[in-house]
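Enquirer: Sequence:
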Amino acid sequence: MNLPTRRFSSVRRAFVPYLMAGYPDPDTFCRLFRDVCVAGADIVEVGIPFSDPLADGPTIQHASERALAHGVTVSQALSMLAECGASSSTPAVIMSYLNPLLQYGLERFAREAHRVGVRGLIVPDTIVEETAPLERICRSCGIDLVQLLAPTSPPERQQLILQRTRGFVYLVSVAGVTGARPLLADDLVQWIAHIKAQSPVPVVVGFGISTPEQAARVASEADGVVIGSAIIDIVRHSTSSDAACAEVKAFTSAVRHALDAVPPVTQSPLPSRRI
1 MNLPTRRFSS VRRAFVPYLM AGYPDPDTFC RLFRDVCVAG ADIVEVGIPF SDPLADGPTI
61 QHASERALAH GVTVSQALSM LAECGASSST PAVIMSYLNP LLQYGLERFA REAHRVGVRG
121 LIVPDTIVEE TAPLERICRS CGIDLVQLLA PTSPPERQQL ILQRTRGFVY LVSVAGVTGA
181 RPLLADDLVQ WIAHIKAQSP VPVVVGFGIS TPEQAARVAS EADGVVIGSA IIDIVRHSTS
241 SDAACAEVKA FTSAVRHALD AVPPVTQSPL PSRRI
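For reference, each letter of the sequence shown is one residue, going 1 to 275 in the numbering used here.
The set of hints was computed from the structure by calculation and includes no laboratory data. Among the clues, some could well be false.
[Said to hold, decoys possible] For each label pair, taking beta carbons as the anchor points, the in silico distance ranges come out as:
id, residue 1, residue 2, range
1, Ala243, Ala193, 23 to 29 angstroms
2, Ala261, Arg136, 37 to 43 angstroms
3, Gln190, Arg108, 38 to 44 angstroms
4, His194, Ile127, 17 to 23 angstroms
Even for Gly, the Cβ is constructed at its ideal location relative to N, Cα and C.
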């Protein structure tokens, strides 16, 4: 496992805020990255802007379009992460669709991404049955290839995903695209517990989580929580870069506080699980 194990523990649930590389502009993105790290992020998920983000809802699509309008490329996203200091503090996990990575070169991307502090990679438009070549490249470069597990995955496929994922498994909380939602599914916590009981790696839940209270509810079973669209919404509706950074930092602190208030889990500690 290349993502530090200290990011996950039975007493500290990991918070993974999502930012879009270059959104709302490259300078503000770097400020946001540093601010969420200071405010309590354990890992930062960074999206690579793409013109056809099929797993993302309108909020992330908006951020992607704005970043593309600024001319943000894979190379520039990696340069921004180097400028942010990701390699010296909080690790980054990149979320990218496959085509930009193929255009850049998979080996070149993995090598350069690791150099700037990327320790994990999520590629939502690949399927686990076809990721072996990418897994080998990531492993050779010290990057965990994180697999997505959706509510629609049948039991036999769930087992395959849990066997192949590295770093953590990204549990998708809804059968749909990303986006802040007012309510969580009634059976979400039970489903997280069901997957966690089978998982050899930490379980991190994303899609649809938008408030500190929802994060705490999810973390009653999960090892970590991803929040993306709610953060992008804060940035989108802020009146300035300074306001965006201040409001995102305050939101991150609130989520950190909510997660820290969740009682420790009583099951076997993570070091006994395969990581």
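Enquirer: Does the Cβ distance between Ala243 and Ala193 fall inside 23 to 29 angstroms?
Expert: Between Ala243 and Ala193, where Cβ atoms are some 39 angstroms apart, the hint is violated.
Enquirer: Taking 37 to 43 angstroms as the stated bounds, is the beta-carbon spacing between Ala261 and Arg136 within them?
Expert: For Ala261 and Arg136 the Cβ distance comes to about 41 angstroms; the hint holds.
Enquirer: Is the gap between the beta carbons of His194 and Ile127 within 17 to 23 angstroms?
Expert: holds, 22 angstroms
Enquirer: Can you let me know if the beta-carbon spacing of Gln190 and Arg108 is within 38 to 44 angstroms?
Expert: holds, 43 angstroms
Hint 1 from the list above is the single one not met by this structure.
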